[in-house]
Amino acid sequence: MSTTLLFEQLLNGLQYGVTLFLMAAGLTLVFGVMGLINLAHGSLYMIGAFACAAVAAATGSFWLGLVASIVAAGFAGVLIEMFVIRRLYDRDHLDQVLATFALILILSEGCRMVFGSFPLYLDAPGFLAGPVTLFGGFQYSAYRLAIILVGGLVALGLYLLITKTRLGIRIRAGEADREMIAALGVNIATLYTIVFAIGAALAGFAGAMMGAIQSVQVGMGEPVLILAFVVIVIGGIGSIKGALIGSILVGVVDTLGRVTLPGFFNLFMDTAAANSVGAALSSMSIYVLMAVILIFKPEGLVSNNA
Amino acid sequence: MKTLKTIMASAVAMSLALGGSAMAEGAKIGMITTLSGGGAGLGVDVRDGFMLAIEQAGRDDVEVVIEDDAQKPELAVQIADKMIQSEKVDILTGIIWSNLAMAVVPSAVAQGKIYVSPNAGPSALAGKGCNANYFNVAWQNDNLHEAMGAYANVAEYTNTFILAPNYPAGQDALNGFKREYRGQLAGEVFTKLGATDYAAEIAQIRDSGADSVFFFLPGGMGIAFMKQYAASGVDLPVMGPAFSFDQGILGAVGDAALGVRNSSQWSKDIDNETNNAFVASFQEKYDRLPSLYASQGFDAANLILSALDKADVKDTEAFSAALKEADFKSTRGDFKFGNNNHPIQDIYVREVVKEGDVLTNKILGLALTDHQDAYAVDCPLQ
Chain A
1 MSTTLLFEQL LNGLQYGVTL FLMAAGLTLV FGVMGLINLA HGSLYMIGAF ACAAVAAATG
61 SFWLGLVASI VAAGFAGVLI EMFVIRRLYD RDHLDQVLAT FALILILSEG CRMVFGSFPL
121 YLDAPGFLAG PVTLFGGFQY SAYRLAIILV GGLVALGLYL LITKTRLGIR IRAGEADREM
181 IAALGVNIAT LYTIVFAIGA ALAGFAGAMM GAIQSVQVGM GEPVLILAFV VIVIGGIGSI
241 KGALIGSILV GVVDTLGRVT LPGFFNLFMD TAAANSVGAA LSSMSIYVLM AVILIFKPEG
301 LVSNNA
Chain B
1 MKTLKTIMAS AVAMSLALGG SAMAEGAKIG MITTLSGGGA GLGVDVRDGF MLAIEQAGRD
61 DVEVVIEDDA QKPELAVQIA DKMIQSEKVD ILTGIIWSNL AMAVVPSAVA QGKIYVSPNA
121 GPSALAGKGC NANYFNVAWQ NDNLHEAMGA YANVAEYTNT FILAPNYPAG QDALNGFKRE
181 YRGQLAGEVF TKLGATDYAA EIAQIRDSGA DSVFFFLPGG MGIAFMKQYA ASGVDLPVMG
241 PAFSFDQGIL GAVGDAALGV RNSSQWSKDI DNETNNAFVA SFQEKYDRLP SLYASQGFDA
301 ANLILSALDK ADVKDTEAFS AALKEADFKS TRGDFKFGNN NHPIQDIYVR EVVKEGDVLT
361 NKILGLALTD HQDAYAVDCP LQ
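Chains A and B supply the protein sequences, listed in that same order. Using UniProt numbering, the first residue of the first sequence is number 1, and each one after it goes up by one. Using UniProt numbering, the first residue of the second sequence is number 1, and each one after it goes up by one.
Hints listed in this document are in silico derivations from the structure and should not be mistaken for laboratory results. Honestly, I wouldn't trust all of these hints.
Label pairs and their calculated CB-CB ranges [to be verified]:
1. Gly-60/A / Glu-156/B: 40 to 46 Å
2. Trp-63/A / Val-154/B: 43 to 49 Å
3. Lys-88/B / Arg-91/A: 41 to 47 Å
4. Ala-318/B / Tyr-287/A: 51 to 57 Å
5. Gly-126/A / Ala-280/B: 35 to 41 Å
6. Gly-126/A / Ala-321/B: 57 to 63 Å
7. Lys-88/B / Ile-226/A: 47 to 53 Å
8. Glu-87/B / Leu-10/A: 39 to 45 Å
Once the Cα atoms are required to be at most 20 Å apart in a straight line, the calculated EDC-like pairs of lysine to aspartate or glutamate come out as [what the hints assert, rightly or not]:
9. Lys-72/B / Glu-109/A
10. Lys-192/B / Glu-222/A
11. Lys-329/B / Asp-357/B
12. Lys-314/B / Glu-325/B
The following residues of chain B were derived to be distant from chain A, with all beta-carbon distances above 12 Å [as the list claims (entries may be wrong)]:
13. Lys-192
14. Thr-196
15. Asp-197
16. Ser-232
17. Leu-250
18. Asp-255
19. Arg-288
Bear in mind that the values here come from a model prediction, so they are computed numbers and not experimental data. Ideal Cβ positions, reconstructed from N, Cα and C, are used throughout, including at glycine.
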């Protein structure tokens, strides 16, 4: 494999990881602060993508669509928290899983009733649609570079929010001891709604960004949701920093696994068998990664309770 | 009280028996198809095409029961059991996905029911596992890929990069392509089923020195691949089966699909009376262009109706013989069944073009003429 190809694949891995981070950040925040397993996080991703596609189609502007995706997913998050999730904090995880799984079904079919059964059209804005030439004359999709950049900015923004603002202090306090901060006069109900809305808006934003290079269709959020769970388990549940490290690790391992494993098995197998074994093993690679990390660090790479 | 119940029960049984004989000409058809979730577009098209034909036939004695399988094999099996045992349907149809068909069809035909497939055509049901009561009105899974392989020879591609998802239909696809294609392979990649990111594969294509790309990525996977391919700056010619370029998907892919060559047994511009009428009436009723799935649903219904005119559906042997004659006007023009009850038909190469604002397909020419699948020789049926 040439160095340029390897570099391109690393960039692909990084970009994939950054997208996963946008999903995982919200998920880990909600789980860490509120102790809630939210399976409907993928549906919020879908809502973001559909809102972006619908608004972009109506106005012709991808950017308005992007704003709409954040607003729509955030608003849906507030509604879901106030009408459903709020009743689940004192229940055990199984009840939460059941209720949020029901939300997946309701939101998916709701989306299908509104937008129909066929995938929607959503494309990257004109100046990001093509490739750009990087150093050494190799071409890379401009939109993917933009995703890496935006993902980095979101990570920085979240870091500042958590460490430098009053809201961030409350979030961290809520994670550490929710009864104590309630006793200190912080309105815990409002805090939870805000945290849930932030997580939802991030998922919606990720959905809109990815919708432009994927297919905007019902059920698009669930595959990403599974990966996001892998990421937060690897990174350490509740930790934004862990989510960032975990997602980039998962992105790079998955991409390199897909590229290198069939070639590796081809060294001692015929091509057809190597392709199929390589493909099968590469789809397992991130779960193997997760298992190995959990053996050595059962609480994930960045543990909050350390 | 007990006597009263018995009397009522026997009255009901008698009226059922009488009703049964009075309605000997009619039939009850059970349609199991995908109407929810990500794959719903295909099922909706099959259903709409099917119901259009039933409606146009204007027969009151044909009843269609429709249920959603949500693309889940276990659910499809439950629905099939219910339809066979309590709804007493005569004919089953509708399944889109090969894995669901494999779960339902063998047991349904073993119970003496007729199954007419409007889509899925797994190789396991075309060769040794063929059955006198199983008919596929669409294609055997490999057919459209074989046509693309034949086209690659005509287009003088000599170094094609091929990719498909790592599951049975994906392996069938690449095998089908290789069965006809005579050039070299620049690379052969199996992707994860349901994958949405193809950056790594596209980088491999760029690096491989290929002169063309063949892919089979049904549904959302194909949409994602085409968009990402267009943005990557790789400009090799792309080809694939119609599944990634049918009417339901083109709108979502957008201009990235323009100029792509794809193979199909049907196209809206096949010029015959049945097809012209079908396209016009489908558009009028549903306010959208039909896809190949809709044409398959329409043909499946007309096939069943043609057999109902000839034989009583309760007489399975006579009825399946009537089906095998394929005495109906297909939207594809010429259509007949081979020994294994799978189609022998022409397969076309189409190009994605823009008509006004709408992306659609235009026929370029024939890829394969009177094509039969490779598994028919293993089937003991005559």
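- When the hints from earlier in the document are held up against this structure, which numbers fail? 7, 8, 11, 13, 14, 15, 16, 17, 18, 19
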